[in-house]
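Undergrad: Following the hints, complete the assembly by docking chain B onto the known chain A.
Number of protein chains: 2
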Amino acid sequence: MLKPDFSKTGGLLPTIAQDSETGEVLMLAYMNEEAWDHTLSSGKATYWSRSRQKLWIKGESSGHVQMVKEIRMDCDGDTILLKVDQIGGAACHTGHRSCFYQKVERDGTVSVTGKPIFDPDEVYKK
Amino acid sequence: MLKPDFSKTGGLLPTIAQDSETGEVLMLAYMNEEAWDHTLSSGKATYWSRSRQKLWIKGESSGHVQMVKEIRMDCDGDTILLKVDQIGGAACHTGHRSCFYQKVERDGTVSVTGKPIFDPDEVYKK
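Chains as they are written, first to last, in our numbering: chain A, 1 to 126; chain B, 1 to 126.
Mixed in with the good hints, there may be bad ones.
For chains that are exact copies, the list does not tell them apart, and a pair is met inside one copy or across any two.
Below, in silico cross-link-like pairs of lysine-lysine (DSS-like), each with a Cα-Cα straight-line distance of 27 Å or less [stated by the list, open to error]: (1) LYS54 - LYS115; (2) LYS83 - LYS69; (3) LYS103 - LYS8; (4) LYS103 - LYS83; (5) LYS54 - LYS69; (6) LYS8 - LYS54; (7) LYS3 - LYS115; (8) LYS115 - LYS83; (9) LYS3 - LYS103.
By construction, these hints were calculated from the structure, which means they are not laboratory data.
If we strip away everything but chain A, and leave its shape as in the complex, we get (with noise of 0.2 Å):
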C-alpha cells in the first residue's frame, strides 16, 4: 500500500479531474493527505482548498459531485489524476464543462470555448 508523498509542495499534491468517459480534462485542484483519504474511503473527489483553508468535497455545496471511477498516481509519486464522473455535467464555477474552456493561440490571443451548462447564479444562490 503506496501513497502519494505528501511530503512534498508542503503537503499539497496537483489532481487533475479527467473526464472517465470523454477523456475531458475537467479542472486541476489540490489534495492533502486528509483529501486522499476522504476520496478513497468515500468515492468522491475531495481537496484541500487553498482559498477556505478546509476540506473541499467537490459539489457538496452545489450537487454537482465528482464520483471517482478511477484514481492513477504519477511516476514521483507527486500528482494525482481521478477519472471522474461528473454530475450535472459541468466541473467549473462558471458553468461550462471544464474549467480549460480558455483557448490560447500561439500569437497570445484568447478564445472562450463552449457555452456555460448552467447559471452559476442559479446553482449557488443563497
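TA: Leaving out everything else, chain B in the frame of chain A:
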C-alpha cells in the same frame, strides 16, 4: 492578449500535457513565464525544471519533444493544459507512455498499468 497569472504560487504554474489525439493525460510539469513564452514561440512544450532550476525543453536530450497542438488556460488563469503530439510515443522518463501508469484502488493497493515503450537506459545513455 492575456497571459496566465505567473504572480501566483511563486511564479510556477502546473501544466498538464495531454495527448491531442487520444486524450490520455501524459504528465504534469511546471511553467514559469519564460517557459510559457518559449512554448508559444517555439511550439514545443517547455517547462521549468524544479529539480535542475533551469528551463526544460521537454525531449531536448531524448528527442522525445512534445509538439503543441492546442493551449488552454483555466478559469483562474493559474493552470495550463497543453494538447500535444508526443514524439517517440512516451512522455515518462521511465519509458511509459504516460507518467500516470500507477493505478490506485480504493483500498490503497497499487498496480502498474501497461509496459514501458522504451528502455530509459538506451534513450538517456551517456
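Undergrad: Against each hint, give a clear statement of whether it holds in the structure.
TA: Here is what the structure says about each hint:
1. LYS54 - LYS115: Neither: 30 Å inside a chain and 38 Å across chains, both beyond 27 Å.
2. LYS83 - LYS69: both (5 Å within a copy, 23 Å between copies)
3. LYS103 - LYS8: Between. Shortest inter-copy distance 20 Å satisfies the 27 Å Cα cut-off; intra-copy 31 Å does not.
4. LYS103 - LYS83: both (23 Å within a copy, 11 Å between copies)
5. LYS54 - LYS69: Within one copy, since 24 Å is at most 27 Å while 37 Å is not.
6. LYS8 - LYS54: both (19 Å within a copy, 19 Å between copies)
7. LYS3 - LYS115: between (38 Å within a copy, 21 Å between copies)
8. LYS115 - LYS83: For LYS115 and LYS83, the Cα distance is within 27 Å both inside one copy (23 Å) and across copies (20 Å).
9. LYS3 - LYS103: between (34 Å within a copy, 11 Å between copies)
Violated hints amount to a single one, hint 1; each of the other numbered hints is respected by the structure.
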